[in-house]
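Work out the full structure: start from the sequences and follow the hints.
Note that the protein sequences, when read in sequence, are chains A and B. Quick note on numbering: full-length UniProt numbering labels position 73 of the first sequence as 73, and the sequence is numbered without any gaps. Quick note on numbering: full-length UniProt numbering labels position 196 of the second sequence as 196, and the sequence is numbered without any gaps.
A few of these clues could be false.
Cross-link-like lysine to any residue pairs, in silico, SDA-like; alpha carbons within 20 angstroms at most [to be verified]: (1) LYS224(B) <-> GLU124(A); (2) LYS118(A) <-> ALA230(B); (3) LYS118(A) <-> VAL226(B); (4) LYS224(B) <-> GLU123(A); (5) LYS24(A) <-> GLY229(B); (6) LYS118(A) <-> GLY229(B); (7) LYS151(B) <-> ASP167(B); (8) LYS148(B) <-> ALA93(A); (9) LYS24(A) <-> TRP232(B); (10) LYS24(A) <-> ALA230(B); (11) LYS118(A) <-> LEU231(B); (12) LYS118(A) <-> TRP232(B); (13) LYS24(A) <-> ASP227(B); (14) LYS24(A) <-> ARG228(B); (15) LYS224(B) <-> GLU120(A).
Chain A regions said to be covered by chain B (calculated; three or more residues, Cβ under 8 angstroms) [as the list claims (entries may be wrong)]: (16) 40-53; (17) 91-102; (18) 113-125.
Here are the simulated distance ranges between beta carbons [claimed, not checked]: (19) ARG169(B) <-> ARG74(A): 37 to 43 angstroms; (20) ALA121(B) <-> MET97(A): 29 to 35 angstroms; (21) GLN28(B) <-> ALA84(A): 35 to 41 angstroms; (22) ASP293(B) <-> ARG74(A): 51 to 57 angstroms; (23) ILE116(A) <-> ARG76(B): 49 to 55 angstroms; (24) ARG87(A) <-> VAL226(B): 30 to 36 angstroms; (25) PRO49(B) <-> ARG13(A): 36 to 42 angstroms; (26) ALA47(A) <-> ARG98(B): 17 to 23 angstroms; (27) GLN81(A) <-> VAL122(B): 45 to 51 angstroms.
Hints are computed from structural coordinates only; laboratory data are not their basis. No residue lacks a Cβ here, since even glycine has one placed at the ideal position from N, Cα and C.
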Amino acid sequence: MNRDQQRAQSAYRQVSALPNDKHKKYGVLALNLPFLIRSSGLAQALAFTDQKARAYDVPLLDHLAATVGEATGRPSLRREQLLAESRTDSDPASYLMLTREALLAATWFKRLASSILKVEPGEEVEG
Amino acid sequence: MTILPPTAPLTRLYTLHALTPLHAGTGQGVGDIDLPVTRERATGLPFVPGSSVRGVLRDALGGREDQAAVFGPDPRHASEFAGALSVTDARLLLFPVRSVAGTWAWATSPALLARLRRDAAVSGTAPLPAVPTVTSGQALLTGDSVLKLPKTAAVLLDDWQLTAADDVRAADAWAAALGTLLGDEDAATSLRQRLCVLDDTQLSLAAELATEVNARIRLNEQTKTVDRGALWYEESLPAETVLFGLMRAETSRDGRALPPAEVLGRIGTHRYAQFGGKAGTGRGLCSLRLDLDGAR
Numbered sequence: 001m002n003r004d005q006q007r008a009q010s011a012y013r014q015v016s017a018l019p020n021d022k023h024k025k026y027g028v029l030a031l032n033l034p035f036l037i038r039s040s041g042l043a044q045a046l047a048f049t050d051q052k053a054r055a056y057d058v059p060l061l062d063h064l065a066a067t068v069g070e071a072t073g074r075p076s077l078r079r080e081q082l083l084a085e086s087r088t089d090s091d092p093a094s095y096l097m098l099t100r101e102a103l104l105a106a107t108w109f110k111r112l113a114s115s116i117l118k119v120e121p122g123e124e125v126e127g
Numbered sequence: 001m002t003i004l005p006p007t008a009p010l011t012r013l014y015t016l017h018a019l020t021p022l023h024a025g026t027g028q029g030v031g032d033i034d035l036p037v038t039r040e041r042a043t044g045l046p047f048v049p050g051s052s053v054r055g056v057l058r059d060a061l062g063g064r065e066d067q068a069a070v071f072g073p074d075p076r077h078a079s080e081f082a083g084a085l086s087v088t089d090a091r092l093l094l095f096p097v098r099s100v101a102g103t104w105a106w107a108t109s110p111a112l113l114a115r116l117r118r119d120a121a122v123s124g125t126a127p128l129p130a131v132p133t134v135t136s137g138q139a140l141l142t143g144d145s146v147l148k149l150p151k152t153a154a155v156l157l158d159d160w161q162l163t164a165a166d167d168v169r170a171a172d173a174w175a176a177a178l179g180t181l182l183g184d185e186d187a188a189t190s191l192r193q194r195l196c197v198l199d200d201t202q203l204s205l206a207a208e209l210a211t212e213v214n215a216r217i218r219l220n221e222q223t224k225t226v227d228r229g230a231l232w233y234e235e236s237l238p239a240e241t242v243l244f245g246l247m248r249a250e251t252s253r254d255g256r257a258l259p260p261a262e263v264l265g266r267i268g269t270h271r272y273a274q275f276g277g278k279a280g281t282g283r284g285l286c287s288l289r290l291d292l293d294g295a296r
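Structure representation (structure tokens):
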């Protein structure tokens with residue numbers, strides 16, 4: 001399996017196990033995450049999404065960390081560690097590498113938000 | 001038609017300086033961006049296809065005879081003779097990155113400068129400075145750089161903290177050479193202040209992750225609200241991106257046998273034109289310069 005297949009498989013396994021009542025909130029956050037990473041930088045995008053995900057009680061960042069971990073040979077990577085690395089990684093090249101990995105993983109969650117969770121671009125979470 | 005003995009082809013360097021964001025797109029993307037910019041398969045670096053540059057120039061060149069001589073006859077008569085001008089892809093030379101000090105940096109890297117040197121050698125351009133060496137996390141700045149935070153060696157570009165190297169000679173030499181190549185006094189001044197040579201990995205990642213990405217929507221004509229699902233993301237090379245390529249002219253085959261220098265002369269040394277897509281939203285206004293003399 002190549003690395004993108006690993007990401008796809010990991011993301012699919014996690015997204016398809018989501019309970020129905022989480023689909024909309026999870027999907028809206030997942031659809032926006034890649035753009036947020038590009039526009040605001042990794043640290044800010046993850047911190048913002050983490051805050052939202054916890055408020056909505058959806059495990060998007062747990063899933064993202066697991067997928068980044070599986071594709072980079074760190075299967076024990078957890079949400080807290082991914083957030084910490086995005087905040088404290090001082091070497092610019094490794095920060096950018098982490099950004100790229102997170103973006104590639106987030107892209108799969110975005111795709112699955114459309115295909116499995118049936119959330120459309122521009123949709124918002126009510127309330 | 002008398003066939004005259006051909007004059008040796010002439011190859012010259014051109015630069016494309018984006019004055020507004022430049023969207024040379026692929027039409028569709030499967031990644032996180034719906035409409036990404038074209039990228040070289042082997043390097044991931046953005047480029048503008050030579051066919052795109054050539055098409056714009058063809059459109060801009062007045063006079064049907066000249067158009068046929070330089071670019072070949074119109075498509076209905078395309079089989080009669082070939083055009084006299086070939087244009088290579090425009091490849092990345094300078095990529096703007098936001099900077100805490102000095103607003104923005106003009107970033108490049110040893111690999112990009114080496115590719116420019118190689119093309120300059122093909123085109124007979126006067127020799128360019130040696131390709132510098134940069135270590136990871138380091139930034140080579142000029143003596144007049146505005147990119148360093150006051151009283152420190154720290155350079156904050158986008159989200160990344162780099163350290164300015166002590167030696168400014170390499171960046172100074174390249175700022176002068178690139179200023180001459182761009183043929184624009186304002187750009188030359190800006191280069192003396194903002195040129196920043198990063199290591200290749202850092203530059204590649206910047207050109208991948210620090211492009212301009214805009215969210216676009218389509219409104220429903222009746223309700224004036226966003227159509228369902230009509231939100232998409234478009235990528236552009238930021239304004240101030242500079243690319244370079246080669247133009248190669250042969251003797252024209254249209255019966256007038258324009259020599260290569262005259263073929264390139266029809267393009268001229270400088271013109272403003274719109275390149276790439278999304279012209280309606282102001283994308284792609286560029287300054288194109290052709291180094292006609294090949295000298296400095």
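These are the hints, each one checked on the structure:
1. Annotation: proposed proximity of LYS224(B) to GLU124(A) holds, straight-line Cα distance about 18 angstroms (limit 20 angstroms).
2. As the CA atoms of LYS118(A) and ALA230(B) are separated by approximately 15 angstroms, the hinted pair is consistent with the 20 angstroms bound.
3. Of the supplied pair hints, the one linking LYS118(A) and VAL226(B) holds, its CA atoms being roughly 18 angstroms apart against a limit of 20 angstroms.
4. Restraint check: the Cα-Cα separation between LYS224(B) and GLU123(A) comes to about 16 angstroms, which is no more than 20 angstroms; the hinted pair holds.
5. A hinted pair counts as satisfied when its Cα atoms are at most 20 angstroms apart, and LYS24(A) with GLY229(B) qualifies at roughly 14 angstroms.
6. With a CA separation close to 11 angstroms, the supplied pair LYS118(A) and GLY229(B) stays within the 20 angstroms bound.
7. A C-alpha spacing of about 17 angstroms is found between LYS151(B) and ASP167(B), which places the hinted pair at or below 20 angstroms, so the restraint holds.
8. The straight-line distance between the Cα atoms of LYS148(B) and ALA93(A) is roughly 19 angstroms, inside the 20 angstroms bound, and the hint therefore holds.
9. Restraint check: the Cα-Cα separation between LYS24(A) and TRP232(B) comes to about 19 angstroms, which is no more than 20 angstroms; the hinted pair holds.
10. With a C-alpha separation of about 18 angstroms, the suggested pair LYS24(A) and ALA230(B) falls inside the 20 angstroms cut-off, and the hint holds.
11. Between LYS118(A) and LEU231(B), the direct Cα distance comes to roughly 15 angstroms. Compliance with the 20 angstroms bound is thereby established for this hinted pair.
12. As the CA atoms of LYS118(A) and TRP232(B) are separated by approximately 16 angstroms, the hinted pair is consistent with the 20 angstroms bound.
13. Distance check on the hinted pair: LYS24(A) and ASP227(B) sit about 19 angstroms apart at the alpha-carbon level, within 20 angstroms; holds.
14. Note on LYS24(A) and ARG228(B): the hinted pairing holds, with a Cα-Cα distance of about 15 angstroms set against a maximum of 20 angstroms.
15. Among the hinted pairs, LYS224(B) with GLU120(A) is consistent with the structure: their alpha-carbon atoms are about 19 angstroms apart, no more than 20 angstroms.
16. Check result for the region 40-53 of chain A against chain B: holds, 3 residues qualifying (beta carbon to beta carbon below 8 angstroms, three or more required).
17. Only when three residues or more bring their CB closer than 8 angstroms to a CB of chain B does the claim for the region 91-102 of chain A stand; here the count is 8, and the claim holds.
18. Counting residues of the region 113-125 of chain A whose C-beta lies closer than 8 angstroms to any C-beta of chain B gives 3; at least three are required, and the coverage claim holds.
19. A beta carbon spacing of about 42 angstroms between ARG169(B) and ARG74(A) agrees with the range 37 to 43 angstroms that was offered as a hint.
20. The hinted range of 29 to 35 angstroms is satisfied by ALA121(B) and MET97(A), whose Cβ atoms lie roughly 34 angstroms apart.
21. With their beta carbons about 37 angstroms apart, GLN28(B) and ALA84(A) fall inside the hinted range of 35 to 41 angstroms.
22. For the pair ASP293(B) and ARG74(A), the supplied restraint of 51 to 57 angstroms holds, since their beta-carbon distance comes to about 55 angstroms.
23. Distance hint check for ILE116(A) and ARG76(B): the Cβ-Cβ separation is about 51 angstroms, which falls inside the suggested range of 49 to 55 angstroms.
24. The supplied range of 30 to 36 angstroms is met by ARG87(A) and VAL226(B), whose beta-carbon atoms lie about 34 angstroms from each other.
25. About 39 angstroms separates the C-beta atoms of PRO49(B) and ARG13(A), a value consistent with the hinted range of 36 to 42 angstroms.
26. Between ALA47(A) and ARG98(B) the beta carbons are some 20 angstroms apart, a value that agrees with the proposed interval 17 to 23 angstroms.
27. Between GLN81(A) and VAL122(B) the CB atoms are about 50 angstroms apart, so this pair conforms to the stated range of 45 to 51 angstroms.
Against the hints set out earlier in the document, no violation occurs for any number.
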